[in-house]
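**Q** The primary structure of each chain is shown beneath.
2 protein chains.
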Amino acid sequence: MNYAVLSLLAAAVSVGYGLYLIAKTMKLPTGTPTQNAIADAISEGAKAFLTREYQTLGLIAVVITALLWYAMGSTYGIAFLVGALCSAVAGAIGMNTAVRANIRTAVAAKHGLAAALSVAFAGGAVTGLLVAGLALASVAGTYLWLQGQGITDIRPLIALGFGGSLISVFARLGGGIYTKGADVGTDLVGKIEQGIPEDDPRNPGVIADLVGDNVGDDAGMAADLFETYVVTAVAAMILGSLTLPGNTAVLMFPLLVGSIGIVASIVGTYFVKLGSNKKIMPALYKGLIAACVLSAVALFPITQALFSSLNLFWAGLLGIIVTGVMVVITEYFTSKQYGPIRGLAAAANTGHGTSIIAGLALSMKSTLMPVLVIAGATLVSYNLAGLYGVAVAAMSMLSLTGIVVAIDAFGPITDNAGGIAEMTNQPEDVRKVTDSLDAVGNTTKAVTKGYAIASAGLAALVLFASYTQELRSQALTFALSDPSVVVGLFIGAALPYVFGALAMEAVGKAAQAVVVEVRRQFKTIKGIMEGKSKPEYGKAVDIVTRAALKEMVLPALLPVGVPIIVGFILGAQALGGLLMGTITTGLFVGLSMTTGGAAWDNAKKYIEEGHYGGKGSPAHQAAVTGDTVGDPYKDTAGPAINPMIKVTNIVALLIAGFLR
Amino acid sequence: MNYAVLSLLAAAVSVGYGLYLIAKTMKLPTGTPTQNAIADAISEGAKAFLTREYQTLGLIAVVITALLWYAMGSTYGIAFLVGALCSAVAGAIGMNTAVRANIRTAVAAKHGLAAALSVAFAGGAVTGLLVAGLALASVAGTYLWLQGQGITDIRPLIALGFGGSLISVFARLGGGIYTKGADVGTDLVGKIEQGIPEDDPRNPGVIADLVGDNVGDDAGMAADLFETYVVTAVAAMILGSLTLPGNTAVLMFPLLVGSIGIVASIVGTYFVKLGSNKKIMPALYKGLIAACVLSAVALFPITQALFSSLNLFWAGLLGIIVTGVMVVITEYFTSKQYGPIRGLAAAANTGHGTSIIAGLALSMKSTLMPVLVIAGATLVSYNLAGLYGVAVAAMSMLSLTGIVVAIDAFGPITDNAGGIAEMTNQPEDVRKVTDSLDAVGNTTKAVTKGYAIASAGLAALVLFASYTQELRSQALTFALSDPSVVVGLFIGAALPYVFGALAMEAVGKAAQAVVVEVRRQFKTIKGIMEGKSKPEYGKAVDIVTRAALKEMVLPALLPVGVPIIVGFILGAQALGGLLMGTITTGLFVGLSMTTGGAAWDNAKKYIEEGHYGGKGSPAHQAAVTGDTVGDPYKDTAGPAINPMIKVTNIVALLIAGFLR
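Chain order of the listed sequences is A and B. Residue numbering for the first sequence follows our numbering, beginning at 169 and increasing consecutively. Residue numbering for the second sequence follows our numbering, beginning at 169 and increasing consecutively.
Derived by calculation from the structure, the hints in this document are not laboratory data. Careful: at least some of the hints might be erroneous.
List time: in silico DSBU-like cross-link candidates among lysine-lysine, alpha-carbon distance up to 30 Å [what the hints assert, rightly or not]:
no., chain 1, residue 1, chain 2, residue 2
1, A, K600, A, K192
2, B, K359, A, K783
3, B, K702, B, K454
4, A, K783, B, K783
5, B, K600, B, K195
6, A, K359, A, K773
7, A, K677, B, K504
8, A, K447, A, K195
9, B, K278, B, K359
10, A, K446, A, K700
11, A, K278, A, K441
12, B, K195, B, K504
13, B, K192, B, K504
14, B, K192, B, K215
15, B, K783, A, K677
16, B, K783, B, K504
17, A, K441, A, K504
18, A, K718, A, K677
19, A, K700, A, K783
20, A, K359, B, K773
21, B, K441, B, K454
22, B, K446, B, K677
23, B, K677, A, K783
24, B, K441, A, K677
25, B, K677, A, K773
26, B, K702, B, K677
27, B, K441, A, K504
28, B, K195, B, K447
29, A, K215, A, K783
30, B, K446, A, K359
31, B, K694, B, K707
32, B, K707, B, K677
33, A, K359, B, K691
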């Protein structure tokens, strides 16, 4: 039996179930005309951004397709295009559902927390199921297509991964710059200069801000995990075929692990139900835990059937365990219940400076445990089953993408639902429901970002292993005692630093553009502050769209261009060093930024609950400064590091055949 | 002729000239009783701190000496003790001179800029000459002692380096925590809560703050560069003896390079003279340039006499060029004249948050060029003369320590002179002189920190090379495709992050202790604010001393303990990975922190010159927040990374013989 066909089937179930959830969500009521007007404005803004982003990307994709086709043959060109298209489709459909689920969540909130949770989670699940389904389908489908053509070399799959990668780095950067440019810019004028609350309909930037959550946390995250999934599956298959040639089981196992994860994720969604204690986060975790347990249970007989030893089962189990441990670690550093956030809030009480110093220290310290977990998992899985064992651990971690992205994409929906409720003056009890959902959305966003960077790290290590295996015939050792490896290592280590700096600066520039526009509207449109005339939301959306698309190009090209230049000028050895350098500092920069940013955010929320004088107190102002710094950390630069690490590695793997 | 004897002679000249400068400085007038009272308080505080620090260190040193003696023999134990003692002596004498030169500078300021500059620079030169002289003397002397004992194995020199290393990491941390704990704590209560200016005699923490500059920038920097000098010379000699065994020229060349640098530094001090344009920085640079040119010129005939090829001359020249390039790069990112600082000041104009975001982006971006310079120098010098070539480049860079430390130690003297002038209400024209000297002191501190971290990076690479050579018989490859190397790399990369976080938190804790004490004095001692009663300066000094010494221990033990644990549990391969991981992220964390911190400091000064509303404006407040964050960045965590990188490597080199 051809297991790839089976995987295609599992992927189809995932996509089909996602489409079913869309249909179900669309049937729900959409509320008053005022609410609809806002939801439509968000949805139009999001669509306008994605359309323009895809136009830019389309142009770049066509050029790269042509280059690949010419240099490496038609299969590479086609595979690249398939990867890019599937990623784009998953992001687009997911986000379009999210911007429709938001208003339905706000409306369902009238019927209580359980109803609103169910709508918001179903909306998020669409993105999760489409990402996992299309990712698995694209790998299995391309593999079958190659088989059908009688091509036994599976390397064109690398081009498939590169297609996903390219979309991913642009989507993360573009979405991240958009969301934080809009957020920071809108708040600077609205909250600080005009003294009006967040999500106030009088603020001309408010729609852009609400759009931002969708393009960043939904479309951006979708593209990121689509890519991680595809490159991990591809790298696992390639590693399997290189280290154990001719063994079909080794080639098919990653696809089967993916299939198990998808089915487990779908079943897991049914476990997301509010318990008697009415706590939302445990409800979401129930779904994740169910998916983990199911995956682990199903993995056992399948490993037994395919292999004589259970070592690959243990490696797979390790990937699932890493997922759980990463969630626990991220929660510890970003939840208001534990020491780190409370210490940070206390530091805010002595001023802006100490708030930042404590947050930076927290962000740096928070890297240790995740990195040790990744290192430990690598070592154990390697000892279990060699490089292929590491690949299986990574694949099993990624197989949970469906449920994890569902939990993440829940965030922007609840955020928007809260915004719509706020802007349309909903009654207190409705606002309470949307607010509590929104608060949880912040935690889920932090937790899934921890998962995303850890899985990106593991995936990149697997890609790096594939790169070294690919060059095995040249007997390169990538020894640290070789100066060219060290030079490569240093250049690679510099990449996340420069990339992160450019991303942070881009947010600053986009925010500046928003500030200018919002100030202009407050000044020239009479009666805005009195609520007598409507601001021109569309203008602000348009400006931030343009700024984000302009600013994303330079940093996005870094991880594509630098490995090519280093590879061809300094050679394969230096490029190997570069890859490991990028993975190393990338992990630290990414982890510290995403955790640190979430920590500042929640320290602010902790103070807003009434500690250290609550809202408006000096401690709160210092915490707001921390949050402002945390914004580009956690939503732009930090998460954009993930695709950046992987793009660097996949480009290297792609050009490995040409290097000496 | 024995070149080691010649080096000992050069070292003696340096120390002798330093002592002559002390005698000359001591003869200068010391001003009014009021001024003397302040200067005495500073000097007592500094001495009290150093005494207590050395007591703690003495205890640790005795334990380690005993351990080394027992495990590796008496020569190791003795060499370790010599290294520790010489470093301590250089720091102590240098700092004791600085705390006497400060008042003499303030008094000389009455006679104009040229007079004050000459006193301050002579005071700083004492530290520089003693550091370089004692470092060279300890290496050459220990080498001669080993020869005298008939011991041909030069490995006990590693213990000498370790002695310097241990003092260095404690001195950098203890000094750094002290200086910024006192600075931040004193400012928080004085400037912000009580609204009195900096260096106001009514502030109970003001003496502690002035003491801090000496223990941080003088004693700390002295220990740091003493260590870098010794470990580089030792590693170069060991690399020479391992890669080209039996070649005496190779063994002696590093000592000769050091001798040249020392003589060139002494001559260089004579070129530090105010030009007709009355600009201070160019006067200092003249000294540096003279020393560089002289070194380069003298290097040529000596290389020609010892070796058949000139390749080692080019490698040495490269080290001198790296020194110059690092100065230029650091100046670009931290001088008020160029784009980066002006952009940072503009960002402060839109608030606290944007001030921090822009500063963080700047700090991250500023790492690229220095790292490329270090990588390039490594590659070129390796191609010129192998690993030994890299060592010679590093040694030639370090040979300029004398003049570089002189320029750096000038900083705390001028800072203190300014403080004394301020506290004793000196006339406008005196204050103008001390202020302009103080402003330059800020730049020199930034520039020499760039030199310190770059030379630490090169030194660490040379140490790493010695480690790999030492394990050569085991035919280890330290290949990046080996998971245990990767795991080591990750653990090593985590070290600077955790270390930096602990250092930043330590500053917070020390500052908190100062805040409590200063608040107590303002509250309980009647008439402080009216200037009727004197604050208890000594109490504040005592409290920050205790806090700094307590907080320095844990982070300082990290780079000693972790390599031992990893080496014996995960093995020599993983330890190799760890070393490179620590060097890599250490360079980035160190560079970004020292440059970023100086940038915030100078952006604040730029605004204080009247831009964006000048002092007291919202832009200024935001810049002050940036400066507060920059303080522990540039004066505690950042510079402490230097010794931390080297300690890790020297510990590994020391235990290499026991590893498998």
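**Q** Confirm or reject each hint.
**A** Verification of the hints:
no., hint, result
1, A:K600 / A:K192, "holds, 25 Å"
2, B:K359 / A:K783, "holds, 25 Å"
3, B:K702 / B:K454, "violated, 44 Å"
4, A:K783 / B:K783, "holds, 28 Å"
5, B:K600 / B:K195, "holds, 25 Å"
6, A:K359 / A:K773, "holds, 16 Å"
7, A:K677 / B:K504, "holds, 22 Å"
8, A:K447 / A:K195, "holds, 27 Å"
9, B:K278 / B:K359, "holds, 28 Å"
10, A:K446 / A:K700, "violated, 40 Å"
11, A:K278 / A:K441, "holds, 18 Å"
12, B:K195 / B:K504, "violated, 37 Å"
13, B:K192 / B:K504, "violated, 35 Å"
14, B:K192 / B:K215, "holds, 21 Å"
15, B:K783 / A:K677, "holds, 26 Å"
16, B:K783 / B:K504, "holds, 16 Å"
17, A:K441 / A:K504, "holds, 23 Å"
18, A:K718 / A:K677, "holds, 10 Å"
19, A:K700 / A:K783, "holds, 28 Å"
20, A:K359 / B:K773, "holds, 29 Å"
21, B:K441 / B:K454, "holds, 8 Å"
22, B:K446 / B:K677, "violated, 42 Å"
23, B:K677 / A:K783, "holds, 26 Å"
24, B:K441 / A:K677, "violated, 45 Å"
25, B:K677 / A:K773, "holds, 24 Å"
26, B:K702 / B:K677, "holds, 26 Å"
27, B:K441 / A:K504, "violated, 59 Å"
28, B:K195 / B:K447, "holds, 27 Å"
29, A:K215 / A:K783, "violated, 35 Å"
30, B:K446 / A:K359, "violated, 49 Å"
31, B:K694 / B:K707, "holds, 16 Å"
32, B:K707 / B:K677, "holds, 17 Å"
33, A:K359 / B:K691, "violated, 37 Å"
Checked against the numbered hints given earlier, the structure breaks hints 3, 10, 12, 13, 22, 24, 27, 29, 30 and 33 and satisfies all the rest.
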